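Novice: Based on the provided sequences and hints, a complete structural model is requested.
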Amino acid sequence: MANVPGKGWGIHTTLCYLERGDSYLMLYRVKKENDANQGKYVGVGGKFEDGESPEECVIRECREETGLTLTDYRYRGIVTFVSDRWGAEYMHLFTATGWTGEETVCDEGELRWIRKADLLQLPMWEGDAIFLKLLEENVPFFSLKLRYEGERLAEAALNGQPVPVSGKEEAG
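Residue numbers (this note's numbering): 10 to 181.
Hints are supplied without guarantee of correctness; some may be wrong.
Claimed, not checked - Pairs of lysine-lysine, DSSO-like flavour, derived with a Cα cap of 27 Å:
no., residue 1, residue 2
1, 142, 49
2, 125, 56
3, 125, 142
4, 125, 49
5, 49, 154
6, 154, 142
7, 125, 154
8, 56, 154
9, 142, 56
To be clear, the hints were calculated from the coordinates, so they are not data collected in a lab. No experiment lies behind these values; they were computed from the predicted model shown.
Specialist: Structure representation (structure tokens):
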């Protein structure tokens, strides 16, 4: 059976954190109408186009949103989002340390270089704190499942094992 968006199979997306020294390039989502991420900081990325691999999608999305073409990137994990508001999403998570081109203006929000030490002070999804910590700890490829009730993280599991979710707790 084909993976048909909106038919219970979920959507596939990519998310990439471009890393420069002690900072990540973040997208402050403030420009798009009816944006589930409105007012939050996220990495750059988006939905797969038909037939794209995760790598093709992340390269295209980063180029479209930032003007930068990735030259050195790493596939870090997959994050499964389950929500009582939206369909399931399977987010393929990347980091990048090399790119070419000039940073441009993004039509979905404001691009900002944010120090990693300051990230958790910003408005973001609760579960993002879990996978940002996994990235910072250089955890090998992982599977993280995040279940939301509204905007509240209700449950999390790392490689099938429960993770504490009360606030922006550390993954363990």
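Novice: State for each hint whether it applies.
Specialist: Taking the hints in turn, this is what the structure says about them:
Between residue 142 and residue 49 the alpha-carbon distance is near 18 Å, which keeps this suggested pair within the 27 Å criterion. As the CA atoms of residue 125 and residue 56 are separated by approximately 25 Å, the hinted pair is consistent with the 27 Å bound. Only pairs whose Cα atoms come within 27 Å are accepted, and residue 125 paired with residue 142 is accepted, the gap being roughly 10 Å. Taking the CA atoms of residue 125 and residue 49, the gap is near 16 Å; set against the 27 Å cutoff, the hint holds.
The straight-line distance between the Cα atoms of residue 49 and residue 154 is roughly 20 Å, inside the 27 Å bound, and the hint therefore holds. With a CA separation close to 15 Å, the supplied pair residue 154 and residue 142 stays within the 27 Å bound. Between residue 125 and residue 154 the CA atoms are separated by roughly 23 Å; this keeps the pair inside 27 Å, and the hint holds. For the given pair, residue 56 sits about 18 Å from residue 154 by alpha-carbon distance, which is consistent with the 27 Å threshold.
At most 27 Å may separate the alpha-carbon atoms for a hinted pair to count; residue 142 and residue 56 meet this at roughly 24 Å.
The earlier numbered hints are all upheld by this structure, with none contradicted.
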